Amino acid sequence: MANPFVHIELETNDLARAKDFYQKLFDWKLEEVPGMDYTMINVGEGTGGGMMKNPVPDAPSHWLAYVQVDDVAAATSKAKSLGATVCKEPTEIPGYGWFSVITDPTGAALAFWQGKACK
Numbered sequence: 025m026a027n028p029f030v031h032i033e034l035e036t037n038d039l040a041r042a043k044d045f046y047q048k049l050f051d052w053k054l055e056e057v058p059g060m061d062y063t064m065i066n067v068g069e070g071t072g073g074g075m076m077k078n079p080v081p082d083a084p085s086h087w088l089a090y091v092q093v094d095d096v097a098a099a100t101s102k103a104k105s106l107g108a109t110v111c112k113e114p115t116e117i118p119g120y121g122w123f124s125v126i127t128d129p130t131g132a133a134l135a136f137w138q139g140k141a142c143k
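Heads up: the sequence shown begins at 25 in this note's numbering, then just goes up one per residue.
Bear in mind the hints are in silico, worked out from the structure with no lab data behind them.
Computed from a predicted model, the values in this text were never measured in an experiment.
Yeah, the Cβ is synthetic: ideal placement off N, Cα and C, and Gly gets one too.
Watch out, some of these pointers could steer you wrong.
Unchecked claim - If you anchor each label on the Cβ, the simulated ranges turn out as follows:
| hint | residue 1 | residue 2 | range |
| --- | --- | --- | --- |
| 1 | M60 | E113 | 16 to 22 Å |
| 2 | P28 | T130 | 19 to 25 Å |
| 3 | L49 | A97 | 35 to 41 Å |
| 4 | Y62 | G131 | 25 to 31 Å |
| 5 | G119 | A97 | 17 to 23 Å |
| 6 | D94 | D51 | 21 to 27 Å |
| 7 | T109 | E56 | 30 to 36 Å |
To be verified - When the alpha-carbon atoms are kept at most 20 Å apart in a straight line, the in silico SDA-like pairs for lysine to any residue are as follows:
| hint | residue 1 | residue 2 |
| --- | --- | --- |
| 8 | K53 | G70 |
| 9 | K112 | I32 |
| 10 | K77 | F45 |
| 11 | K48 | T63 |
With the hints as extra help, turn the sequences into a complete structure.
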């Protein structure tokens with residue numbers, strides 16, 4: 025299947041409380057990413073994800089799904105041409121890849137991910 029969901033991210037206003045809650049609720053393994061304020065979520069089978077402090081101070085805590093694309097800039101541009109609002113332009117995470125965030129015409133947020141090996 026083309027363009028699978030590859031990462032699910034929690035952007036939370038209380039990171040310590042979220043970590044405590046999800047470690048007790050599920051058998052998830054949380055791993056801090058060195059040099060970043062980011063926690064990877066290893067779920068075992070299936071799509072894993074991450075947790076971070078919400079980058080938008082007044083926004084509520086929420087989950088954000090990432091879809092794999094071959095070219096994050098092209099996918100972002102295509103989404104915009106179809107009526108999406110670009111919330112975060114294509115941005116590199118050095119050593120990992122590129123991402124962008126859009127809001128579709130119905131108001132739902134979605135992120136695109138292009139891993140380093142894809143470029």
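Evaluated hints:
no.	hint	result
1	M60 x E113: 16 to 22 Å	holds (20 Å)
2	P28 x T130: 19 to 25 Å	holds (21 Å)
3	L49 x A97: 35 to 41 Å	holds (37 Å)
4	Y62 x G131: 25 to 31 Å	holds (26 Å)
5	G119 x A97: 17 to 23 Å	holds (19 Å)
6	D94 x D51: 21 to 27 Å	violated (33 Å)
7	T109 x E56: 30 to 36 Å	holds (32 Å)
8	K53 x G70	holds (13 Å)
9	K112 x I32	holds (17 Å)
10	K77 x F45	holds (15 Å)
11	K48 x T63	holds (16 Å)
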